[in-house]
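Undergrad: The chain contents come next:
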Amino acid sequence: GAVVSQHPSRVICKSGTSVKIECRSLDFQATTMFWYRQFPKQSLMLMATSNEGSKATYEQGVEKDKFLINHASLTLSTLTVTSAHPEDSSFYICSAFLRGGGSYEQYFGPGTRLTVT
Amino acid sequence: GQSLEQPSEVTAVEGAIVQINCTYQTSGFYGLSWYQQHDGGAPTFLSYNGLDGLEETGRFSSFLSRSDSYGYLLLQELQMKDSASYFCAPYTGGFKTIFGAGTRLFVKA
Chain D
1 GAVVSQHPSR VICKSGTSVK IECRSLDFQA TTMFWYRQFP KQSLMLMATS NEGSKATYEQ
61 GVEKDKFLIN HASLTLSTLT VTSAHPEDSS FYICSAFLRG GGSYEQYFGP GTRLTVT
Chain Z
1 GQSLEQPSEV TAVEGAIVQI NCTYQTSGFY GLSWYQQHDG GAPTFLSYNG LDGLEETGRF
61 SSFLSRSDSY GYLLLQELQM KDSASYFCAP YTGGFKTIFG AGTRLFVKA
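The listed protein sequences derive, respectively, from chains D and Z.
At position 44 of the first sequence the residue is numbered 44 (the numbering used here), and the sequence of numbers has no breaks.
At position 71 of the second sequence the residue is numbered 71 (the numbering used here), and the sequence of numbers has no breaks.
Careful: at least some of the hints might be erroneous.
[As the list claims (entries may be wrong)] Derived pair list, reagent style EDC-like, types lysine to aspartate or glutamate, alpha-carbon separation capped at 20 angstroms:
#1 Z:K108 - D:E87
#2 D:K64 - D:D88
#3 Z:K96 - D:D88
[What the hints assert, rightly or not] Computed beta-carbon distance windows for the label pairs:
#4 D:H7 - Z:L51: 19 to 29 angstroms
#5 D:S83 - Z:Y70: 23 to 33 angstroms
#6 D:E63 - Z:P7: 46 to 56 angstroms
#7 Z:K108 - D:P8: 52 to 62 angstroms
[Unchecked claim] If the Cβ cut is set under 10 angstroms, some of the chain D residues that face chain Z in the computed set are:
#8 Q6
#9 K41
#10 S43
#11 T49
#12 Y58
#13 G61
#14 F67
#15 L74
#16 Q106
#17 P110
Because the hints were derived from the structure by calculation, they are not lab data.
Glycine is no exception: its CB is placed at the ideal position from the N, C-alpha and C atoms.
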């Protein structure tokens, strides 16, 4: 099946620094990727839609200047958490859709656990 | 707007059958997906119903009734490894999925 990778899997950073998370589609091209965050024992919250070659679309309440998204190629989207604070500590997951045979299958990366100290 | 309702928790024993129901309200609807997520891991795709009826994939089956805005995931021959969270996710177009709170399934020996 389709594979989406994320890097790094875990990162610890100091408050005030920036962290970049990469999301790659390994065996298919993804013009659109999605970024979610998930707090412990809660559901996935869609943060933004990453569009190759154009600006990301952010969900209501998500600060675009804080969560910078770049989708420079058909296989890579990056999320940069700028000036991270402890409340940004979360599990960040990217995904991409694969459409075929009348089915819409969303493939998720393994996630990145961010801890801001 | 959009709303999703699933039971928050379900407990069942190994070898049993469990059904996780989902009712939804969306503006625009193409089909219903189900995802499984183990603690600490990312969600994995289980099934998609684009048409009414039952879709079977091994021990898992999923059902959709568009007229009732209702679907369910049926897990048979439960195994301990099936303990996880299960999310129903309506697909409303634009390749975007909104997840509800999910159902935590606990499988007991």
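Undergrad: Now tell me, hint by hint, if it's right for this structure.
TA: Going through the hints against the structure:
1. Z:K108 - D:E87: Answer violated: K108 (chain Z) to E87 (chain D) is near 35 angstroms, above 20 angstroms.
2. D:K64 - D:D88: 14 angstroms, holds
3. Z:K96 - D:D88: The hint is violated at about 23 angstroms.
4. D:H7 - Z:L51: 19 to 29 angstroms: Violated: the Cβ-Cβ distance is about 38 angstroms, outside 19 to 29 angstroms.
5. D:S83 - Z:Y70: 23 to 33 angstroms: 44 angstroms, violated
6. D:E63 - Z:P7: 46 to 56 angstroms: At roughly 34 angstroms between Cβ atoms, P7 (chain Z) and E63 (chain D) fall outside 46 to 56 angstroms, so the hint is violated.
7. Z:K108 - D:P8: 52 to 62 angstroms: 36 angstroms, violated
8. Q6: 8 angstroms, holds
9. K41: 8 angstroms, holds
10. S43: OK, holds: S43 (chain D) within 10 angstroms of chain Z, min 5 angstroms.
11. T49: Result: holds, 6 angstroms to nearest chain Z Cβ.
12. Y58: 12 angstroms, violated
13. G61: Status violated, d = 14 angstroms.
14. F67: The hint is violated - F67 (chain D) has no Cβ within 10 angstroms of chain Z, the shortest such distance being about 17 angstroms.
15. L74: Hint on L74 (chain D): violated, closest Cβ of chain Z at ~14 angstroms, above 10 angstroms.
16. Q106: 6 angstroms, holds
17. P110: 5 angstroms, holds
The structure fails to meet hints 1, 3, 4, 5, 6, 7, 12, 13, 14, 15 from the earlier list, while all remaining hints are met.
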